[in-house]
Amino acid sequence: MFNNTNKVFNFTLITSRNMKDSYYTDIEQRGWMSLDNAAKIFPPVISKSLSSVFRIGCELSLPVKISALKRSVEETCQRFPYYLTSLHKGFFWYFLEYNKNIRPSIVAEDKKPCVAFPAKKGDYALFRVVVLGNMLSVEFLHILTDGGGALEFFRTLLVTYLRNCGHDVPYSEGIIDPSSPVDASEVEDAYNKYFKKDVPLPPKLENAWHLPYETVGKDYLGIIQAEIPVTDLKNISKENNVTITEYLASVYLFCLQDIWNKEKRKDNNIIRLEIPVNMRRNYPSRTMRNFSLFVLPELDLRLGHFEFEEILKHVHNYMQIQTDKKLLSKVIARNVKPERNIFIRTTPVFIKDLVLSAAFKKYGATKYSGVLTNVGIARMPAEANGYIRNVSMIPPPPVQQLKVSCGVLSYKDRLCISFANNTSNTELEKDFFMFLTGKGLKVRILKNIWDEK
Amino acid sequence: MKNNICPNCGVILDEGLDICPLCKSIPKEDSNEKSELYPSDILHLSERKSRIYMWELSAIIAFSANLICIIVDMVIVKGLNWSLYSVTAITGLWLFITSFTFLLKRPAMLGISLAITTLAMLAIFDLLSPPMEWFVVIGLPVSVSFWTLFAFLIFIMRKLRSKGFNILAIVFIELSALCIIIDIFIDMALMKNIIIDWSAITAATLGPVAGVLFFMHYRMKRGKDLGSFFHV
Numbered sequence: 382m383f384n385n386t387n388k389v390f391n392f393t394l395i396t397s398r399n400m401k402d403s404y405y406t407d408i409e410q411r412g413w414m415s416l417d418n419a420a421k422i423f424p425p426v427i428s429k430s431l432s433s434v435f436r437i438g439c440e441l442s443l444p445v446k447i448s449a450l451k452r453s454v455e456e457t458c459q460r461f462p463y464y465l466t467s468l469h470k471g472f473f474w475y476f477l478e479y480n481k482n483i484r485p486s487i488v489a490e491d492k493k494p495c496v497a498f499p500a501k502k503g504d505y506a507l508f509r510v511v512v513l514g515n516m517l518s519v520e521f522l523h524i525l526t527d528g529g530g531a532l533e534f535f536r537t538l539l540v541t542y543l544r545n546c547g548h549d550v551p552y553s554e555g556i557i558d559p560s561s562p563v564d565a566s567e568v569e570d571a572y573n574k575y576f577k578k579d580v581p582l583p584p585k586l587e588n589a590w591h592l593p594y595e596t597v598g599k600d601y602l603g604i605i606q607a608e609i610p611v612t613d614l615k616n617i618s619k620e621n622n623v624t625i626t627e628y629l630a631s632v633y634l635f636c637l638q639d640i641w642n643k644e645k646r647k648d649n650n651i652i653r654l655e656i657p658v659n660m661r662r663n664y665p666s667r668t669m670r671n672f673s674l675f676v677l678p679e680l681d682l683r684l685g686h687f688e689f690e691e692i693l694k695h696v697h698n699y700m701q702i703q704t705d706k707k708l709l710s711k712v713i714a715r716n717v718k719p720e721r722n723i724f725i726r727t728t729p730v731f732i733k734d735l736v737l738s739a740a741f742k743k744y745g746a747t748k749y750s751g752v753l754t755n756v757g758i759a760r761m762p763a764e765a766n767g768y769i770r771n772v773s774m775i776p777p778p779p780v781q782q783l784k785v786s787c788g789v790l791s792y793k794d795r796l797c798i799s800f801a802n803n804t805s806n807t808e809l810e811k812d813f814f815m816f817l818t819g820k821g822l823k824v825r826i827l828k829n830i831w832d833e834k
Numbered sequence: 052m053k054n055n056i057c058p059n060c061g062v063i064l065d066e067g068l069d070i071c072p073l074c075k076s077i078p079k080e081d082s083n084e085k086s087e088l089y090p091s092d093i094l095h096l097s098e099r100k101s102r103i104y105m106w107e108l109s110a111i112i113a114f115s116a117n118l119i120c121i122i123v124d125m126v127i128v129k130g131l132n133w134s135l136y137s138v139t140a141i142t143g144l145w146l147f148i149t150s151f152t153f154l155l156k157r158p159a160m161l162g163i164s165l166a167i168t169t170l171a172m173l174a175i176f177d178l179l180s181p182p183m184e185w186f187v188v189i190g191l192p193v194s195v196s197f198w199t200l201f202a203f204l205i206f207i208m209r210k211l212r213s214k215g216f217n218i219l220a221i222v223f224i225e226l227s228a229l230c231i232i233i234d235i236f237i238d239m240a241l242m243k244n245i246i247i248d249w250s251a252i253t254a255a256t257l258g259p260v261a262g263v264l265f266f267m268h269y270r271m272k273r274g275k276d277l278g279s280f281f282h283v
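Line by line, the protein sequences are chains A and B.
If you're matching positions, the first sequence starts at 382 in the numbering used here and goes up one per residue.
If you're matching positions, the second sequence starts at 52 in the numbering used here and goes up one per residue.
Pulled out of the complex, with its shape left as it was, chain A reads as follows (with noise of 0.2 Å):
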């Protein structure tokens, strides 16, 4: 894979001239596809604990129907056959097995969301359907894609069940039609395409600090969600000259730093922020499998107190600085270059696992205090406006270092955000919504399903 990138995109190579069924027989003539360079971390890794299972999720202003959604799901597999994959150990590495016959579970609303996967089982496909009364969601294994790639078959699947629940809603807004031939790109290893051999990798980092809270335990997790209006934070945000998603990384990081300040033991001095950034963006890659990478904007507290107004700079001269696209191919070479190295790819798995597992947890979470990730804007059609409420994103659930990540994702003029918890202590989250109430905004907290169960 790594010698000949093309060799992946065989797995696909009946380009968008070809209609479904070649790809099929592609697809059924190769049967499996390596993971993609993000994905590689993660199954010596991924445990009950630490899951990597991210959810996008909506309320419906109806209650699911099951059969229409059955059939919904069904046909949006049709599309999207590179995710009716399974896990499997190779002798070097693992990979993903094609099955035409797995289909995603559609489970009830758990004790908790993301729960992790059977995935190093084996014939278990790597993302589920969830419903509980009028609300809908999907969970993918990290494995298999990113929230970007999540978040197109979240709409496709919505639009189909709309259209089988008898609703006159158009595949418009960008929104792939399951009656659409599967284009190649779709399933490139984007990281290995737009591989630079002799860029030079990034400078290291000096590790972060965490939040000081206890763990609760390896099974929970909490979760708190909010809406706010959009428009009021797109002016907010508009009025100190930056994004949505550096104004509430500010908040984030001085949130953090407030926190910082009152702890009397400070192991570091650095407060860094992990912002995954949607590369499909800055790259012409339709791929469906994972393609981001993290800007880590950072407050250096040896330098003192950081004022709001100041942080919203640092965040945004971060932001533009790191999300240069000749910044982001240092990365993509710091994170590429290993898996290319010819005594790493003839390491045998069982080897590869536990050097792996024990890299990460020494330093998985090491350089960076949070999380914050903003899937972006769930565009729908005009005509589905009236049977979908809000559409939300929750991250994986946080390493123990990290103790909370969060997620954004907004819908119409409402931006949830969501919150997971592995501690009681939801300091960060009261800061963080205080906060935006301080500015005048209208942050409205969400009914908890999982409290109740």
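The hints are simulated quantities; they were obtained by calculation from the structure and are not laboratory data.
This one's a predicted model, so the numbers in the text were calculated from it and none came from an experiment.
Keep in mind that the hints are not guaranteed to be accurate.
To be verified - Taking lysine-lysine and the DSSO-like style, the derived pairs with C-alpha atoms no more than 27 Å apart in a straight line are: (1) A:K429 x B:K210; (2) A:K706 x A:K694; (3) A:K742 x A:K470; (4) A:K501 x B:K214; (5) A:K748 x A:K421; (6) B:K100 x A:K501; (7) A:K451 x A:K421; (8) B:K214 x A:K645; (9) B:K100 x B:K156; (10) A:K421 x B:K214.
Keeping the supplied structure of chain A fixed, place chain B upon it in accordance with the hints.
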């Protein structure tokens, strides 16, 4: 739609939210309400409590059954005769129930407890008709072998990622091993000379079946090409 505003955080709480999930404060209008207690709240038992109640019930039944056996034996035979066997069996059964009640979530301890109970029961049965003849030479080694093989099977099952025909194959192999062990100890006890005969036929029959099952599980079911398995 009814919405509350948290007096502390100032956020709007969605309909049905009685406590602010951020600061845990209760909106005013709901603060004076007392939560109602329903019969189901009182009657609802946790799984552990239900198990303990069942165990207590089993203790009463076992004690009563033992008492009845002893009284009937005393009345009819004027002494303790056959009731000793039934008391041993009933007590053994109750000890099994006890093990399952308290050690269900600790499989290693459960296995050890069940093995000790079995051995104790067999030893007592042998002791009840002196001299002690078969327990040490056959009962003890066969029981220990059985529980060891069983523990090994559980261990393997927990380690295996994909379970199917491979489990059945392992059971067949273990059955073959157990048959050979039984054959050896019976020969040693009865003939003082070990001749592995019937158990060898059993093993020779079950071995190939296990092989076919392994093949079906790992090759035919997967059916994957070597390219995916060995891709570099």
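Against the structure, the hints come out as follows:
1. A:K429 x B:K210: Holds - the C-alpha atoms of K210 (chain B) and K429 (chain A) are around 16 Å apart, at most 27 Å.
2. A:K706 x A:K694: Holds. K706 (chain A) to K694 (chain A) sits at ~21 Å (cutoff 27 Å).
3. A:K742 x A:K470: 21 Å, holds
4. A:K501 x B:K214: 12 Å, holds
5. A:K748 x A:K421: 19 Å, holds
6. B:K100 x A:K501: Violated - the C-alpha atoms of K501 (chain A) and K100 (chain B) are around 35 Å apart, more than 27 Å.
7. A:K451 x A:K421: 31 Å, violated
8. B:K214 x A:K645: 51 Å, violated
9. B:K100 x B:K156: Status holds; Cα separation ~14 Å.
10. A:K421 x B:K214: Roughly 25 Å between the alpha carbons, so the hint for K421 (chain A) and K214 (chain B) holds.
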